[in-house]
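Trainee: Next come the chains, spelled out residue by residue.
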Amino acid sequence: METLYSSMLSIVKLILSGDKALYEIILLSLKVSIAATTIGMLLGIPFGTLMGMYRFPGRQVVVIIIYTLMGLPPVLAGVIIYLLLSAKGPLGELQLLFTPTAMVTAQVLLVTPIITGLTMVAVRGKEKLYLETAVSMGASRLQAAWLVIREAKAGIMAAIVTAFGRAIAEVGAVMLVGGNIEHVTRVMTTSIILETRKGNFDLALSLGLVLLAISFMINGFLVAGVLKYLQRGEQY
Amino acid sequence: METLYSSMLSIVKLILSGDKALYEIILLSLKVSIAATTIGMLLGIPFGTLMGMYRFPGRQVVVIIIYTLMGLPPVLAGVIIYLLLSAKGPLGELQLLFTPTAMVTAQVLLVTPIITGLTMVAVRGKEKLYLETAVSMGASRLQAAWLVIREAKAGIMAAIVTAFGRAIAEVGAVMLVGGNIEHVTRVMTTSIILETRKGNFDLALSLGLVLLAISFMINGFLVAGVLKYLQRGEQY
Amino acid sequence: YTAAAPKKPAIESEVTLATTTSTQDSGLLDVMIPAFEKKFKNKVKVKVVAVGTGQAIQLGKDSNADVLLVHARKSEDEFVAQGYGIKACDVMYNQFLLVGPKDDPAKAAAAKNAVEAFTKIAEAKAKFVSRGDDSGTHKKEKSIWDKSTIKPQGSWYISAGQGMGETLRMAEEMGAYTLVDEATFLTNKTNQVILFKGDKDLINPYGMIQVKSTRKKVAANELIWFFISPQGQKMIGDFGKNKFGKSIFVPDFKWRK
Amino acid sequence: MVPAFSLNGVIVEFNNQPVLDIGELVFDDRIIHAVIGPSGAGKSTLLRVLNMLQKPTQGSVTYFGNPLPYNGANSLAARRSMSMVFQTPAMFSGNVYDNVALGLRLRDVKTKEVRAKVFQALETVGLTDLTKRSAATLSGGEAQRIALARALVVNPRVLLLDEPTANLDPGNVTIIEDVIKRIPHETGITIIIVTHNLYQAKRLSQQAVFLNKGKIVESSSTDEIFNNPKAQETKLFVSGEMVY
Amino acid sequence: MVPAFSLNGVIVEFNNQPVLDIGELVFDDRIIHAVIGPSGAGKSTLLRVLNMLQKPTQGSVTYFGNPLPYNGANSLAARRSMSMVFQTPAMFSGNVYDNVALGLRLRDVKTKEVRAKVFQALETVGLTDLTKRSAATLSGGEAQRIALARALVVNPRVLLLDEPTANLDPGNVTIIEDVIKRIPHETGITIIIVTHNLYQAKRLSQQAVFLNKGKIVESSSTDEIFNNPKAQETKLFVSGEMVY
Ligand SMILES: Nc1ncnc2c1ncn2[C@@H]1O[C@H](COP(=O)(O)OP(=O)(O)OP(=O)(O)O)[C@@H](O)[C@H]1O
Ligand SMILES: Nc1ncnc2c1ncn2[C@@H]1O[C@H](COP(=O)(O)OP(=O)(O)OP(=O)(O)O)[C@@H](O)[C@H]1O
Ligand SMILES: [Mg+2]
Ligand SMILES: [Mg+2]
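Chains as they are written, first to last, in this note's numbering: chain L, 13 to 248; chain V, 13 to 248; chain A, 80 to 336; chain F, 1196 to 1439; chain R, 1196 to 1439.
Chain L with its partners taken away, still in its complex shape (with noise of 0.2 Å):
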């Protein structure tokens, strides 16, 4: 435990100086897992949306997909993703594989379930309150959305916290299709694995806890800000 206490020293250290790999890995964990989310969001919320506003047959089923692609392995999304962009996979022209490109795109298959999902159970919650009301003050069906959408913001934020989460943590998928080469596609959770396989559990403890101190810090900024955007509104 002393070589904990003197890896976090080091880290601390390290990360005070500036030094530039550990810098390069935190920004490319940042940049590939918020664009892994935001794409997410940009494909989830409307369809959790769909599925928490409208009834149809067979929706019990599309929810079980759903509910059955929250629990993707990444390491299978990884796969998957490999064998699209492999040399002499169908998208191979691309030349996607071994780049952050191909990071994002299997942490988006990761986190696209999990934002549809919980968004469609926050959507559901107030529906029943919202969407006639919104429709019948003249709503068109985006606007009645976006209304119903408004009020389910609690629930839908922490679709977002806990894809976020997923996405930052997640090392199976990454891994694969990134190749974590150093400098170019080597993120936080790829480092850890090295070090951990390395036997370095100190360091990897280290990088983990300053990987925590990042997600805190993003969290803290996304609570506190949306708190203080819907000031006027329901509190999280």
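Derived by calculation from the structure, the hints in this document are not laboratory data. All values reported here derive from a predicted model rather than from experimental measurement. Errors might be hidden in some of the hints.
[To be verified] Below, in silico cross-link-like pairs of lysine-lysine (DSS-like), each with a Cα-Cα straight-line distance of 27 Å or less:
id: 1; chain 1: R; residue 1: Lys1430; chain 2: F; residue 2: Lys1397
id: 2; chain 1: A; residue 1: Lys221; chain 2: V; residue 2: Lys32
id: 3; chain 1: L; residue 1: Lys100; chain 2: A; residue 2: Lys166
id: 4; chain 1: R; residue 1: Lys1408; chain 2: F; residue 2: Lys1327
id: 5; chain 1: L; residue 1: Lys25; chain 2: A; residue 2: Lys322
id: 6; chain 1: L; residue 1: Lys25; chain 2: A; residue 2: Lys186
id: 7; chain 1: F; residue 1: Lys1408; chain 2: L; residue 2: Lys140
id: 8; chain 1: A; residue 1: Lys268; chain 2: V; residue 2: Lys100
id: 9; chain 1: L; residue 1: Lys43; chain 2: A; residue 2: Lys122
id: 10; chain 1: V; residue 1: Lys165; chain 2: L; residue 2: Lys140
id: 11; chain 1: A; residue 1: Lys120; chain 2: L; residue 2: Lys32
id: 12; chain 1: A; residue 1: Lys124; chain 2: L; residue 2: Lys32
id: 13; chain 1: F; residue 1: Lys1327; chain 2: R; residue 2: Lys1430
id: 14; chain 1: L; residue 1: Lys100; chain 2: A; residue 2: Lys140
id: 15; chain 1: L; residue 1: Lys100; chain 2: A; residue 2: Lys126
id: 16; chain 1: F; residue 1: Lys1250; chain 2: L; residue 2: Lys140
id: 17; chain 1: A; residue 1: Lys124; chain 2: L; residue 2: Lys100
id: 18; chain 1: A; residue 1: Lys322; chain 2: L; residue 2: Lys32
id: 19; chain 1: R; residue 1: Lys1327; chain 2: F; residue 2: Lys1250
id: 20; chain 1: A; residue 1: Lys153; chain 2: L; residue 2: Lys100
id: 21; chain 1: R; residue 1: Lys1410; chain 2: R; residue 2: Lys1250
id: 22; chain 1: R; residue 1: Lys1327; chain 2: V; residue 2: Lys165
id: 23; chain 1: F; residue 1: Lys1410; chain 2: F; residue 2: Lys1425
id: 24; chain 1: R; residue 1: Lys1397; chain 2: F; residue 2: Lys1430
id: 25; chain 1: L; residue 1: Lys140; chain 2: V; residue 2: Lys140
id: 26; chain 1: V; residue 1: Lys165; chain 2: L; residue 2: Lys165
id: 27; chain 1: L; residue 1: Lys32; chain 2: A; residue 2: Lys118
id: 28; chain 1: R; residue 1: Lys1397; chain 2: R; residue 2: Lys1425
id: 29; chain 1: L; residue 1: Lys32; chain 2: A; residue 2: Lys122
id: 30; chain 1: L; residue 1: Lys43; chain 2: A; residue 2: Lys126
id: 31; chain 1: A; residue 1: Lys230; chain 2: V; residue 2: Lys32
id: 32; chain 1: V; residue 1: Lys140; chain 2: L; residue 2: Lys165
id: 33; chain 1: R; residue 1: Lys1327; chain 2: L; residue 2: Lys140
id: 34; chain 1: A; residue 1: Lys204; chain 2: A; residue 2: Lys186
id: 35; chain 1: A; residue 1: Lys218; chain 2: V; residue 2: Lys32
id: 36; chain 1: A; residue 1: Lys291; chain 2: L; residue 2: Lys100
[To be verified] For the chain A half of the interface with chain V, some residues (derived, Cβ under 8 Å), not all of them:
id: 37; residue: Gly133
id: 38; residue: Asp213
id: 39; residue: Ile237
id: 40; residue: Ser238
Heads up, the beta-carbon is just placed ideally off N, CA and C, and yes, glycines get one too.
Chain L is already provided as a structure; the job is to place chains V, A, F and R with the ligands on it using the hints.
Mentor: Positioned in the frame of chain L, the structure of chains V, A, F and R with the ligands alone reads:
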């Protein structure tokens, strides 16, 4: 892709032939992730309900911490439990490293924040409408919490589904503290990793699809089963 | 083979090297790759992807890597024979070590050769952690068991299905024996001791192969050339002397037939 | 004159039980109609049918001569020409101003115009000092008046009111009734008001429908219904008796 | 006789604005009290204070001689001795039977007894045929009557009613008023009813409080308040005028 087809075929054959090794792995996956989710529920639902029902100074910081822990990297959870259970670690005497118990422990660390956070949001969304009515009708604190939980069941259900999905899909923690030992701690995800490392992407993909099929059945059971139980109530 | 063509085509800006985790974890590549890149004024970038042996070879078959640096001789030969690779060569070797707990319950240290050491462990039913992942190391281990005519099974024989570093650490935690390559053993600090080494059965040869279908023909060629050049071979031989007081890899370049 | 609504053979069923079963019913334009009847008679369901929130199980409804478009391209335009005050109004999170402004914003009215109209509507219901209050904190009667302001602010062609003064004291009832009475004169609007307050129905409406158990018992001028009811049930109901 | 409630210097503030400010007020036991006043006067807030849902910013309330226990060990017992019907009642998901049975189940009453009591309560409000209906589908007036049944079923010592007939037709109002009038005779109970229906207050209550802007304007016997009001504001209010 033909090899994919043939490996799918061979897996289907394995399943039908009742291959012991595959069943063993599937069973352990289920045991570990169901145990972890159950313990996570026992811890997370009460705590999340409390967080959703009550306001107190500093609550927002606790919320941000919960949100941060929802994104705890599996490898980090693994390292923490590893260091605790390691022969030289504080709990080394228990000799739990590389056992299913260790895997469950690490996963509890991962799923409890998820259940807590999502339960909190679900309860918060219903608390306004129902807590006062419950209290006014003579509910004790515990009874009131139970009534609010019942109203928030759709959201809590989603919390459980999300947690189970994370547990069954997760590999970083179980690999580290379980060790992927054949017949002892090998689960679906660690098998997938192993096949990936061997370069058997098609086999990995097939195993992944088997895992998804199992999740699908469990989610179907959850959604349909709970739906039936709560027939009278709201829909999922 | 000579690369002395009159007009050299321009070198590609990047090349992907698929290798095993033990190679990367040894730190050798952290010395070799920058030197290579510097030689080309950093105009070419080597992307090192460190994965399982089988996965590395599969990356080559899928044309997702340009050069392989691995240690699984049989798979390498197959790779070349199946027409996936060219320019296969030996680059270096080190040795496998049988390591275990200090008290050596099976008295493996007293064995005359690897097969005997393994036999003693099996007879004592002392714990043995196998990588169990079809890697070069695992295949080597299996070949020794084959020679001993013992079929290892039972609760003493633990099939981990993990990488070398993880397997070594599991053996340490369990007070078990394992077969480990020298590079990994030296770079991972464990309290295991070397109980047996030096047998000719325990040689661990590393090979380099260019993926035939590579789009980075020039850079791939230059990368292999760098490893087998006198400068590269010397760097390999010198690597580790500072840190461990001895070299980790023995350079032994030769083309394979 | 084309009637605002005309219903023909409209049946609404829940779990195969009819809760509304209307043979024929016409709501003439530019007057105030009252819908009265005991609790559970189907009054709210009728308003929901007219507001296109509840598609009848069978039957047809015309709206100013055209079929009421429950779906499709014309449905939005039809919806935007009506306003409804729900029996238990739901307030969107946000403040009172936002709630009243919502209908205008949905119709892309310019911000400046919105401001003027919202303040005018709040003045009408006497609640200008609540502009910045979170809508969730309103008292029962305040919420009901804000819901009315929210409905009036868009100048609807048809106004559907479901017990809009149920939570108000007599003084406020008078004010709100004055507001309602004044609208048709000013803008030419059809108002359908559901109320259990028979005096209110008498004071406000020109035409009245008496519903019981989902069926029309009597439908004629308010005067007739209250002073000269034909059916025995109507007689009992308007004299404050329970009808079964 | 010890009064049911006695309030002393009770102030309730939201955002530092007082919405209730009561110097002294006593609710005697075993009679029916009416609380009247314009919309936003603080009537619901007063009931919420008595039901321990709203802790006053300052001041004290006694309940049958003891301090009203907002928290702590005695609070549950005090809560279980009262029932309240909210102005907008919230129904728990589940059917009507479960909603009415809830209070009894919370008090660990035996299943058989629950059954008998629930059916009796449903009969009282005339809704026995809705037992199995999902509570979410009730009409406005039905929900209000179920809320009353839910409050009565536990035989409360104190019954707090917030506009319990606001959504009911005259026939049903009569029935519910009869129910309310009968309770004190039968079980000895204190009832406090908030109503904007002044006739109802007159018909039901023995004592009345007139609240305006959070303050007590007048508090005396119902007869006095309606027939011989002291304050000018009271006079205006009971004659149906708006008071400010
Ligand atoms: N989803 C539903 N399922 C079953 N019955 C329903 C449903 N919705 C409404 N009802 C029933 O239909 C009947 C008519 O309801 P409606 O709300 O129109 O009554 P109402 O005349 O407005 O009554 P009130 O004056 O009490 O508001 C009621 O008995 C109600 O319980
Ligand atoms: N959380 C709050 N924040 C600010 N003001 C509030 C809050 N809750 C209630 N009020 C205000 O306090 C006043 C009294 O509210 P209350 O609900 O007691 O009125 P009421 O007499 O029951 O009125 P009504 O007859 O309309 O139901 C109202 O003006 C209301 O807007
Ligand atoms: Mg109604
Ligand atoms: Mg009120």
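Trainee: Which of the listed hints are broken here?
Mentor: 6 and 13
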